[in-house]
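Protein chains: 2
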Amino acid sequence: MKESIKVFAPATVANVVCGFDILGFAVNEPGDELLMKSATKPGVRIISIEGDEGKLPLDPQKNTVSASVISLLRHLRRDDVGLEISLTKKMPMGSGLGSSSASAVAGLFAANELLGSPLSKMELLPFAMEGEALACGHGHADNVAPALFGGFTLIKSYEPLEVIALPVPKLFCALLYPHVDVPTRDARQIIRSKVLLKDAVTQWGNIAGLVSALYTNDYGLLGRSLKDVIVEPIRSILIPEFDYMKAYAMENGALGFGISGSGPTVFSLYHSVDDAQKVLTSLQKHLADKGIKSNIYLSEINETGPTVI
Amino acid sequence: MKESIKVFAPATVANVVCGFDILGFAVNEPGDELLMKSATKPGVRIISIEGDEGKLPLDPQKNTVSASVISLLRHLRRDDVGLEISLTKKMPMGSGLGSSSASAVAGLFAANELLGSPLSKMELLPFAMEGEALACGHGHADNVAPALFGGFTLIKSYEPLEVIALPVPKLFCALLYPHVDVPTRDARQIIRSKVLLKDAVTQWGNIAGLVSALYTNDYGLLGRSLKDVIVEPIRSILIPEFDYMKAYAMENGALGFGISGSGPTVFSLYHSVDDAQKVLTSLQKHLADKGIKSNIYLSEINETGPTVI
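Chains as they are written, first to last, in full-length UniProt numbering: chain A, 1 to 309; chain B, 1 to 309.
Just chain A, with the same shape it has in the complex (with noise of 0.2 angstroms):
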């Protein structure tokens, strides 16, 4: 076994658009880094976090990083085993771009690859699940899979659990995250339970076109499939200035911009990393000039999940 490990995993995008619960992908920034030792005292053991701000519990059974472990070890049945984590956030928490996937994901990657890797990262992925769970009160994959696999993935079903990876659009993905409050539970609660059949017709019309322009390269039909009728309207009322943002990165150059998750995050895909930056840029200015701090991000899609740094 390894001494030690130190790894990165992504943040995510989920609910991409008209893929809500199961679509999502991978940037390559933001993500997590997490060191990994082995200790010779067993058990999984969490000895700092850093980039918090003190929220993330330090208790190895209720944070999703170690808890994710935990249940590992335990379907290995390696009690055995002793694991000291130091966790750097590197992404904003609560803010719709799969944090606590990435966190549990980091945690996974890097205990299994210590222990000479048993398990694959489809076997890992219950696992980062059941942490998901933990942080968020359900257990989506459309934050894990990606954030374990890279790239597009589409979770086809969850019972059985099915996932699909898609292919990777060579594209820019703009992430802006404005610094307001949208918890999870709030963002679920205000969907409704029920939706118009005429509108659901044209959310799968949506997502059958975006799974064939990603199978063709077809970057026009990825834009025209990128659009949400059912969630977006109501979601994006948390959001501030979502409307004036949208248009704006839609006018200069985006394909398709929607929510990150359950946001309050923003998310925008483009073929010239100038324009990506250049939305950014002018979006950030445009809160900053009605009182809202933001942080941005900008990178191309990510391809390959958790590495080895």
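To be clear, the hints were calculated from the coordinates, so they are not data collected in a lab. It is possible that some hints are incorrect.
Any copy will do: because identical chains look the same in the list, a pair fits if it lies in one copy or spans two.
[Said to hold, decoys possible] Below are the DSSO-like pairs computed for lysine-lysine, each with C-alpha atoms no more than 27 angstroms apart in a straight line:
| hint | residue 1 | residue 2 |
| --- | --- | --- |
| 1 | Lys293 | Lys278 |
| 2 | Lys285 | Lys62 |
| 3 | Lys198 | Lys227 |
| 4 | Lys194 | Lys170 |
| 5 | Lys194 | Lys285 |
| 6 | Lys293 | Lys90 |
| 7 | Lys2 | Lys227 |
| 8 | Lys55 | Lys37 |
None of the values given here were measured: they were computed from a predicted structure.
Dock chain B against the given chain A, drawing on the hints supplied.
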């Protein structure tokens, strides 16, 4: 201008399980045959219709075939042209097999060919939809598009109309038309106008999985995606022995089984032509034992749309 042309246009399966209102495919059998002759007297006339049991109107303004062709000629400003149509229905009407679409496509394809192909198939589509609207009271494209283009077609959106040709699986399609009456209008009316969001999410996971399966030739995934939690549970009530037929087909080699269009025809897809034939024969006998007559058809997926014969 040629003197005459004889064409075939295929029957189609619309509302393909999880693809309600957006997905259809064409089959090599059954279909319509149409003979069109140029005439010196301007205008479009129906000379004869066979196989319709006298149900279709001979009035050119009221018949789907001639009305579509009249619209086409008006668009092309060719009121000098005279055309005489002899239609041979080689498929049941009101059966959920896109009978009116096949006829409209046959007429438009024949007229366009006689006139030297002034329009592309994509340009012919609106005229076929107009004919479909005359027959069914709504201008849905999920029968006319596959009848016109062949293969699997996705109606990505209606406004604006966008049709996408998906890859065609090398499978056999078994069709069984039980002789019971399910008018399209009734079949639409029993569908609820609102659906549960969680069911809609399941459905768009399935349609996304199906599209992915078509691009990757993953027939296992194709089978797992051919599920409908929204429309089939309601519409299948109108089809005698539906649950029995579905279970029997799925246990005997079918990758998927569902209602064709708004029924009462049911379709199923197979790797093996022998499995398909065996299932069709058994189900036909099963229905006969219950006192229900049926037609059965077996063919590969049609890849061409209408053809000159």
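Right, here's what the structure says about each hint:
Only within a single protomer do Lys293 and Lys278 lie at most 27 angstroms apart by alpha-carbon distance; the minimum there is 17 angstroms, versus 67 angstroms between protomers. Within a single copy, Lys285 and Lys62 get their C-alpha atoms no closer than 38 angstroms, and across copies no closer than 61 angstroms, so neither meets the 27 angstroms cut-off. In this assembly of identical chains, the alpha carbons of Lys198 and Lys227 lie at most 27 angstroms apart whether taken from the same copy (14 angstroms) or from different copies (19 angstroms). Proximity of Lys194 to Lys170 under the C-alpha cut-off of 27 angstroms is found in neither arrangement, the shortest distances being 36 angstroms within a copy and 37 angstroms between copies.
Taking CA atoms no more than 27 angstroms apart as the test, Lys194 paired with Lys285 passes in neither setting, with 38 angstroms inside one copy and 42 angstroms between copies. Within a single copy, Lys293 and Lys90 get their C-alpha atoms as close as 17 angstroms, which meets the 27 angstroms cut-off; across copies the closest is 68 angstroms, which misses it. Taking CA atoms no more than 27 angstroms apart as the test, Lys2 paired with Lys227 passes in neither setting, with 47 angstroms inside one copy and 46 angstroms between copies. Taking the shortest Cα distances, Lys55 and Lys37 sit within 27 angstroms of each other inside one copy (23 angstroms), while across copies they are farther apart (80 angstroms).
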